[in-house]
Each structure stands twice: as C-alpha cells, then as structure tokens.
Amino acid sequence: MLYHSCILFFEFSIIDTGIGIPQEDFELVFQEFERTNNPLVKEREGTGLGLPLTKRLAKLYGGEIWFESKLGEGTTFCFIIPKKKI
0 MLYHSCILFF EFSIIDTGIG IPQEDFELVF QEFERTNNPL VKEREGTGLG LPLTKRLAKL
60 YGGEIWFESK LGEGTTFCFI IPKKKI
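Take the sequence shown: its letter number 31 is residue 30 in numbering that gives the first Met the number 0, and every next letter is one higher.
Some clues are possibly wrong.
In the DSSO-like style, the derived pairs of lysine-lysine whose C-alpha atoms are separated by at most 27 angstroms in a straight line are [unchecked claim]:
| no. | residue 1 | residue 2 |
| --- | --- | --- |
| 1 | Lys82 | Lys54 |
| 2 | Lys83 | Lys54 |
| 3 | Lys58 | Lys82 |
| 4 | Lys58 | Lys83 |
| 5 | Lys58 | Lys69 |
| 6 | Lys54 | Lys69 |
Worth flagging that the hints you see were computed from the coordinates, not collected in a lab.
These figures come from a predicted structure and were not determined experimentally.
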C-alpha cells in the first residue's frame with residue numbers, strides 16, 4: 000500500500016516478459032480502438048478497448064494507471080486505487 004497526501008492506496012502491478020511496446024506506440028496504449036502496427040501483435044485478436052476501459056475504471060475509483068515497457072524485455076502495468084469502501 001502507498002500513502003499519498005494522507006490517503007492510503009492499494010497498488011497493483013501486472014508484469015510480463017513479452018516483446019514490449021515500442022516507444023512510438025506509447026501514446027496509443029490508452030486510446031480506444033487503437034492497436035500497434037507490430038505484426039507480432041496484429042496476429043492476435045483484440046478490440047483495443049481493454050486498457051482504455053481499465054483506465055476509465057481506475058479513474059472512476061479515484062486511481063491512476065501507468066506502464067513502463069522495454070522492447071525485448073516486456074511491460075509492467077501498474078494501477079493504484081484509494082483504500083475506501085466501495
């Protein structure tokens with residue numbers, strides 16, 4: 000748990016060791032219906048809605064989401080939500 004401005008937060012991290020996200024695609028990650036042009040990823044089905052919806056949910060509950068990625072090493076997505084009764 001994190002403390003931020005006297006508010007207690009839960010922090011969650013999802014880590015993979017996949018191909019990573021190219022830096023030029025960073026701005027697309029949280030945009031609806033956007034997907035990378037990487038042929039390795041284009042082979043897989045998807046709508047481009049999962050991460051945008053996750054971002055909306057995190058914000059709805061007063062949290063944030065972010066990620067770090069390195070090509071060839073993988074990606075880590077993190078999000079925080081405040082500890083309170085929902």
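We went through each hint and held it up to the structure:
At most 27 angstroms may separate the alpha-carbon atoms for a hinted pair to count; Lys82 and Lys54 meet this at roughly 17 angstroms. Only pairs whose Cα atoms come within 27 angstroms are accepted, and Lys83 paired with Lys54 is accepted, the gap being roughly 19 angstroms. A distance of roughly 14 angstroms separates the Cα atoms of Lys58 and Lys82; the hinted pair therefore holds under the 27 angstroms criterion. Simply put, Lys58 and Lys83 have alpha-carbon atoms about 14 angstroms apart, close enough for the 27 angstroms limit, and the pair holds.
At roughly 25 angstroms between alpha-carbon atoms, Lys58 and Lys69 fall within 27 angstroms of each other, so this suggested pair holds. Taking the CA atoms of Lys54 and Lys69, the gap is near 21 angstroms; set against the 27 angstroms cutoff, the hint holds.
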